[in-house]
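Asks: To convert, note that position 148 of the sequence shown is 227 in the working numbering; the numbers rise steadily by one, no gaps.
Think of the hints as simulated: they come from the structure by calculation, not from any bench. Predicted, not measured: the structure shown is a model, and the values here were computed from it. Backbone N, C-alpha and C fix where the C-beta goes; we use that ideal spot for every residue, glycine too. Be aware that one or more of the hints could be misleading.
[Stated by the list, open to error] Pair ranges (Cβ atoms, derived):
#, residue 1, residue 2, range
1, PRO217, GLU176, 33 to 41 Å
2, PRO96, ARG162, 28 to 36 Å
3, GLN232, ASP184, 25 to 33 Å
4, ASP173, LYS146, 17 to 25 Å
5, THR149, GLN103, 22 to 30 Å
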Amino acid sequence: MTTLKPNLLSQRDFDLPDEESMVQLAGRLASVCQHSCVIYLQGDLGAGKTTFSRGFIKGMGHKGKVKSPTYTLVEPYEIGPWRIFHFDLYRLADAEELEFMGIRDYFEEDCICLIEWPDKGHGLLAAADLTISIDYTPLGRRLSMLALSARGQSLLEVLT
80 MTTLKPNLLS
90 QRDFDLPDEE
100 SMVQLAGRLA
110 SVCQHSCVIY
120 LQGDLGAGKT
130 TFSRGFIKGM
140 GHKGKVKSPT
150 YTLVEPYEIG
160 PWRIFHFDLY
170 RLADAEELEF
180 MGIRDYFEED
190 CICLIEWPDK
200 GHGLLAAADL
210 TISIDYTPLG
220 RRLSMLALSA
230 RGQSLLEVLT
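Construct the complete structure from the given sequences, taking the supplied hints into account.
Replies: Next up, the structure:
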């Protein structure tokens, strides 16, 4: 279901009954990702942000294990022409730590960034092209994708 939002932003909502459906949706999004982008992942603990990220990274063609960056803050992956960075900022004590790790270098034109808990890096992160919110429902999860840029809009338009 697609709902048009003010300022030409669009949103798509998906009801996902299980983990496998989350992984499949993430893989489909990865398969249509043809340009650099920044994706914010929001939701409560255990909602599925890391599961979605794993599905996306695998969908981009990664064959090995996808590690959670809970303690390292970021896990890098090089897949074809892309550098993919999976951030988990949950344990970030101070947003200024991102400056020390050279956060601006992660937002180049050959980079795709998946950022869990983006509110922890407020003011230092690149703006999101797509925000994904994951909520619990009685039947599984509801995943909402909101396009916040032309790049995010193009992802939603080709996601079937």
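Asks: Give me the numbers of the hints this structure contradicts, sorted from smallest to largest.
Replies: Of the numbered hints given earlier, the structure breaks none, since each of them holds.
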